[in-house]
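Asks: The primary structure of each chain is shown beneath.
Protein chains: 2
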Amino acid sequence: MAEQAQEKLPENVVFIGRKPSMSYVLGVITQLSNGQKEVFIKARGRAISKAVDVAEIVRRKFVQDAKISNVEIGTEERQLENGQKINVSTINITITK
Amino acid sequence: MAEQAQEKLPENVVFIGRKPSMSYVLGVITQLSNGQKEVFIKARGRAISKAVDVAEIVRRKFVQDAKISNVEIGTEERQLENGQKINVSTINITITK
Numbered sequence: 001m002a003e004q005a006q007e008k009l010p011e012n013v014v015f016i017g018r019k020p021s022m023s024y025v026l027g028v029i030t031q032l033s034n035g036q037k038e039v040f041i042k043a044r045g046r047a048i049s050k051a052v053d054v055a056e057i058v059r060r061k062f063v064q065d066a067k068i069s070n071v072e073i074g075t076e077e078r079q080l081e082n083g084q085k086i087n088v089s090t091i092n093i094t095i096t097k
Numbered sequence: 001m002a003e004q005a006q007e008k009l010p011e012n013v014v015f016i017g018r019k020p021s022m023s024y025v026l027g028v029i030t031q032l033s034n035g036q037k038e039v040f041i042k043a044r045g046r047a048i049s050k051a052v053d054v055a056e057i058v059r060r061k062f063v064q065d066a067k068i069s070n071v072e073i074g075t076e077e078r079q080l081e082n083g084q085k086i087n088v089s090t091i092n093i094t095i096t097k
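The listed protein sequences derive, respectively, from chains Y and H. Numbered per our numbering, the first sequence finishes at 97, counting up by one with no gaps. Numbered per our numbering, the second sequence finishes at 97, counting up by one with no gaps.
Pulled out of the complex, with its shape left as it was, chain Y reads as follows:
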């Protein structure tokens, strides 16, 4: 399901999943190197901590002129396969170069 969502995302959105942090770091750096002025790092639930790691690693180790220009948190309602609805926390970190 995450994979499907990812296909629809615009280029400058990096959605954090189960891969190691460094593969998302690479994704963000690639966007910024390709001329994107703004990259959005998005995550849900347990992946939120990893999203913060990714933003911090990009800013501190790789793209020194990048800034965390905005951090938003929220809640999304998701429907489980059995029809039950659950609330999941979300984060949206904006990195600006």
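Incorrect hints may have been included.
Copies of the same chain are indistinguishable here, so a pair counts whether it falls within one copy or spans any two.
Unchecked claim - Below, computed lysine-lysine pairings styled on DSSO-like, alpha-carbon distance capped at 30 Å: (1) Lys61 - Lys85; (2) Lys42 - Lys19; (3) Lys37 - Lys19; (4) Lys97 - Lys85.
These aren't lab readings, by the way, just hints derived from the structure by calculation.
The hints should help you fit chain H onto chain Y, whose structure is shown.
Replies: Here is chain H on its own, set in the frame of chain Y:
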């Protein structure tokens, strides 16, 4: 170590640790009910996701006039017992009533 740090914190700071989310939610609600206009929810590493859950549960379910007025992310250097230094991501969520 977390316990020690907690003792020194001012009243309107809730530091997220290993307890269930609801005990921190209760902590934040108590502060807001006691007249605090601003409560800071802080967490490091894996606890960052739980910090977002706590802020969102307070705002959506318990204190409807509370707002997430600021979200900051950062990095802290911590020294392990063997002397090795590691970087840990941090979050600081401000809830304002």
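Asks: All hints are to be evaluated individually against the structure, with a verdict given for each.
Replies: Evaluation of the provided hints:
1. Proximity of Lys61 and Lys85 under a CA criterion of 30 Å is satisfied inter-copy only: 16 Å between copies versus 39 Å inside one chain copy.
2. For the identical chains of this complex, Lys42 and Lys19 are neighbours both inside a copy (14 Å) and across copies (26 Å), given an alpha-carbon limit of 30 Å.
3. Taking the shortest Cα distances, Lys37 and Lys19 sit within 30 Å of each other inside one copy (25 Å), while across copies they are farther apart (40 Å).
4. Taking CA atoms no more than 30 Å apart as the test, Lys97 paired with Lys85 passes between copies only; the shortest distance there is 29 Å, against 38 Å inside one copy.
In this structure, none of the earlier numbered hints is contradicted; all agree with it.
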